[in-house]
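Engineer: Put together the whole structure using the sequences plus the hints.
Just so we're on the same page, our numbering is the position in the sequence shown counted from 1, plus 100.
Derived from the structure by calculation, the hints contain no laboratory data. One or more hints might be untrue.
In silico DSBU-like links for lysine-lysine, alpha-carbon gap of 35 Å or less [as the list claims (entries may be wrong)]:
1) K382 <-> K462
2) K663 <-> K682
3) K495 <-> K772
4) K820 <-> K889
5) K541 <-> K523
6) K694 <-> K711
Label pairs and their computed distance ranges (CB to CB) [what the hints assert, rightly or not]:
7) T840 <-> L522: 40 to 46 Å
8) S706 <-> N793: 50 to 56 Å
9) D723 <-> N553: 19 to 25 Å
10) V333 <-> E391: 17 to 23 Å
11) Y566 <-> K343: 16 to 22 Å
12) K831 <-> N693: 31 to 37 Å
We put the beta carbon where it would ideally sit given N, CA and C, even for glycine.
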Amino acid sequence: MIQKIIFRIFIVAVCCLFFSYCSNSKNSKTMYNLDSKKNYNSWKMLSIDEKIGQMIMIRVSGKFYNREDYRYNSIQDLIVNHKIGGLIMYYADIHGAFHNINLFQSWSDSPLIIGSDYERGLGQWMDGGTLFPSNMAVSSTNNPKNSYLQGEIIAKEAKSIGVHMVFAPVLDINNNSKNPIINLRSYGDTPEVVSRYGISFIKGIQSQGVFACGKHFPGHGDTEIDSHSSLPVINVSDDVLYKNEIIPFKKAIQDSIKMIMMGHLVVPSLDSSYKPATHSYKITTEILKNELGFKGVVITDAMEMGALSKNISNGESVVRAIEAGADIILLPIDTKNAIKSIKIALENGRISEDRINQSVEKIWNLKKEAGLFSGKGLPEWERVESLVGSNSHSKVANYIAANSITLVKDDLNSIPLKPEKLKKISHIIMSIDDNAKDYLKSFSKDVYRTFNNVDEVFINYELDNYLIEKIIEKIKDSDFLIVSSLVRIRMDKGVSTIHPSHLRLLKMIKEKINIPNLLVSFGSPYMDSYDYSDAYIATYGYGPISVKAAANAVFGREDISGKLPIDLSKKYTRGTGVYRSKRLSEFKKKDVNKYNLDKAFAVIDSAISNKIFPGAQVFISKDENIVAHKGFGHYTYEDNSILVDTSSVYDIASITKVLSALPLTMKSEQKKKLSMNSYIYEYYPEFKGKYKNKVRIKHLLNHSSGIKGYIEYFNMNHIKDEQDILYDILKRDLIFEPGTDHEYSDLGFILLKNIIELENRSSFSRLSSNWIYKPLNMINTYYMPSQEKIGNIVPTEYDSIYRKKMIKGQVHDENTYLMGGVSAHAGLFSNAWDIAIFTKTFLNDGVWLGRRHFDKLAVKKTITDKDSLNSDFAIGWDTPSKSKSSAGDFFSNYSFGHLGFTGTSVWADKKNKIIVILLTNRVYPTREKKGIYNVRRSFHNEVMKTLLASSEALILE
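Structural biologist: Below is the structure:
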């Protein structure tokens, strides 16, 4: 007992400490007291060592550093002993970045200024931050406002985590398609496009008090060399430079950009000494500062890059950059050596202290402007939690990505792809990047999930003729070919287009088998030829956000509206882009008058005249064409009753079983929450008795469980609610061995409802809405309609036994009403259009509007798998009985459907691609009326005879 008390005290103490820590870490802005710092009023009070340190920025990350880690000690030494003034944050997660920035700030005598390379947002370097598509993708949206919003969001997230300067935007003009490092990082290939989007981005960044940094002056676009590895030479005249490359920088300066980064570039027309711009006084000071009037902070590109480090020592390179006019030295190879070299240059008079003071004053003023001396520029966890990666930020990023996708060509008018029309496709992924499969994993999964029958070929090696022939042999029987090319733009790789042997493969495919095909470029949009693809989509990126947007465009889930911000060729020039609207429906209305359905409609009119029902709603489609969608009669028999139209909503009774219970079971199985073959006792151990250990979930769906079909629970005084009903079902004996016979059972579906809720820990109605109706845009399908929806709902019956009133907007089924209005066997309200969407999804093997909602094999089983020889039911769906079916005589053996007690029905013929939906309120005003069976048979027969009149499928008995 004493031990238990001691243990409880210990737990309470630990919890108190934990919550105290959490509270402190979340409510405090930083881990240190700002008042304890040398909070100088003026930079002039700094020592010469501190001044030199202010000019240096070193690399840090948000990774965990143990105190014994050499990186921990190295960073601490540089901050504490060498007075480093700034840090550039790279790889991190949000918690790690927040913690480390606070930690590093706590070590410094004066606030550190923090920068990062957020060209595409925090998500580029930090898990959890918002990730944007590339600059070229942003400009392809043809809307500079998107660039502003991107900058604004990046700045908000950066500021919250304690980052004050963003090393973006890229102001280089990509006027050389073979550029291996700028490419899609540029906004375009003209100064106008780059200026327009670059300045918009700058305004967005600086609107939040964060500093933008334009790069790489005087322009890194017109080169085929990556400065990360070698020193590029820009061999163009100064006249060309001033009319092109320099314009975006000039306009950015006019718009008060705070920082400009120098490029490691040789530009002989600007400095005939062949000095890199970083080391050139002529370019940095005379042109950038004096001629263009830039008064802000000049920062070098990373001094560790091969363009400089290959040919000159670290210390000398740093000194030359300062001599040229740089204020901040970014990432020297050896920081201590760099500091030592600057001090030596000061001592021997090569650099004056006045020159150092000029830079330090600018840096100090940046820190003041960032609020670092008042604590405003420090990390705030509450802002991090509310801003970083927020839904509103992600929504903007996804919007930009979706609008960036550019359909450059579509010669066969095949985009968006229609999965329901393609039986087999091939997907080739080509790249020389070893990680290509990882980058395109989500796209590949989407292709496979949407089509199922996919042959995938991954190529990340050079192809010879033999390998090309093997690939062609593998894909030759496909209906369509998707080719995904990945060309990553990154340091030290030196590529800007696909491998020549991969292009040769495309050429050979075109010449030998000529399969309809789509080429999707992830990364660089440039190709040596665009003639070998029937359709070409440019995504300008390979980040998750662009990959997802590409899939949505290919399958018609989003509009395709992007425009090329560059010239790809003489044929495909700037502004090119084929518009495609997203698929809003798989039904077309062009065949409304093609078929004469007068005889079928006469059956409905006669039924109304004979008062079998007061009105009806009909939907008929053949292939993808709507043959009929209309209303007949009125809601009731009263003279002033509302006319039934296509917007009218019906209580669909037992069609609920296939519109909610069936798809939710399928979704739960996809999510591995349960299995069709799971036993009921696994969820309800109290489900015991003869044969009960054999009852599986699939038996509930196909009505072969042996559970009694129906009991009037609403008439039993001891049954008060759903739990009472459930208890009664669980304790009852089975009426036959599962799988050996058939009894249509509402009670089995009540049991299924509770299992689905139990395993998914959510209500049945919420699951139905979130998993089925919202994704399929079935806006008129719901349980328990709200008051504003009731006016559109057709009444069912006057309940003279239970509720003593006319039922309108309440579920007709009494047991469901007792359960609160929601069940798996009844309770749904819907209309013919929504039911048509759902049914077409099953005709399409689980696909609707280019998105797979249900597994193909699972869909097949719901239509074809039958356990009992005495039943026409498969897994959920009914099938036409062999004689005198309510579906009539002409639906094929590949048909499925369901009836509802209130007078509703849906039937679909997979072979002939026909859907027939008939919704009535035949129970109005009472269920005692007869005749609905004959109406259904006659109506279906007349419809099918008309639709199949010219087809061999029509075989009269």
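Engineer: State for each hint whether it applies.
Structural biologist: Structure-based check of each hint:
no.	hint	in the structure
1	K382 <-> K462	holds (21 Å)
2	K663 <-> K682	holds (16 Å)
3	K495 <-> K772	holds (29 Å)
4	K820 <-> K889	holds (28 Å)
5	K541 <-> K523	holds (22 Å)
6	K694 <-> K711	holds (30 Å)
7	T840 <-> L522: 40 to 46 Å	holds (41 Å)
8	S706 <-> N793: 50 to 56 Å	holds (52 Å)
9	D723 <-> N553: 19 to 25 Å	holds (21 Å)
10	V333 <-> E391: 17 to 23 Å	holds (22 Å)
11	Y566 <-> K343: 16 to 22 Å	violated (50 Å)
12	K831 <-> N693: 31 to 37 Å	violated (58 Å)
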